[in-house]
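Take these sequences, add in the hints, and give me the full structure.
With the numbering used here applied, the sequence shown corresponds to residues 1 to 231, in that order.
Hints were generated in silico from the structure; no laboratory data involved. Even glycine gets a Cβ: it sits at the ideal position worked out from N, Cα and C. Keep in mind that a hint or two might mislead.
[Said to hold, decoys possible] DEER-style ranges, computed between Cβ atoms:
#  : residue 1 : residue 2 : range
1  : 1         : 42        : 18 to 26 Å
2  : 63        : 136       : 39 to 47 Å
3  : 132       : 67        : 37 to 45 Å
4  : 136       : 53        : 32 to 40 Å
5  : 218       : 21        : 28 to 36 Å
6  : 136       : 40        : 40 to 48 Å
7  : 210       : 156       : 24 to 32 Å
8  : 156       : 178       : 15 to 23 Å
9  : 67        : 150       : 28 to 36 Å
10 : 60        : 181       : 18 to 26 Å
11 : 181       : 210       : 45 to 53 Å
12 : 164       : 22        : 19 to 27 Å
13 : 42        : 182       : 33 to 41 Å
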Amino acid sequence: MHPLIRVVCFLVFSACLAFGRGADLLCGALLLAAAYLMTSPRLLLSAARMVSRMRWFLLSLLIVYGWFTPGPPLFGDEGARFAALWPSREGLEEGVLRAALLAAIVAGANLLLRTTSREQMLLAVYGLARPLALFGVSRERVAVRMVLVIEALDPVRRIVTERMAAAPGGRPDLRSAGRFASGLMQHVVRESETVACGSVQLSGAGAPPPAQWVYPVLLWGLFYAVARMGG
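See below:
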């Protein structure tokens, strides 16, 4: 499959899940299971690690939806004495759903990044940025910068983990947070200056075969059909 089609399929997958419900989550989970089985089940470990890094954000979703969505409390009656301390049923259900949908999108992103090389990602972003050429924006610069940002995420995460482990007590306190952030930024800048420059050659930079555009259309049609049946 052409890298551009692969990225477009992921964008369609993410958009359908972002605005989806329970039926869309089930459909997305089945698609992810099939995709991981057809590629490599071992990639599920990296997906689990990626989702685990977002655990505090997922927890914040549960808190925001659970405690700030009006509705009957999870335990007891609405007029009970301590009813305000409990999350609402509707809010908790919505929070769990949104957290699960986001985790599915993250798992899809992990599969895309693990199965797409840097050259292929450059080629895909280069194709997606084609409309920007109408406004005088260089597609080459957009593609290179986006791919470099994606590649820098893991080294920066490693640097942050090492710096936090070296801090007293395993993490900086509030009084030293400013110095920690400043030292971390300087460390990242020094590391970036030592990275050797390389060249990338985009082989097969042509447009994808027209027949492959059927894949994202079928993917959208599948989610549309599921949404209609679930609604």
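| Contradicted hints - numbers only | Hints 5, 7 and 12 are the ones this structure does not satisfy, whereas the remaining hints hold.
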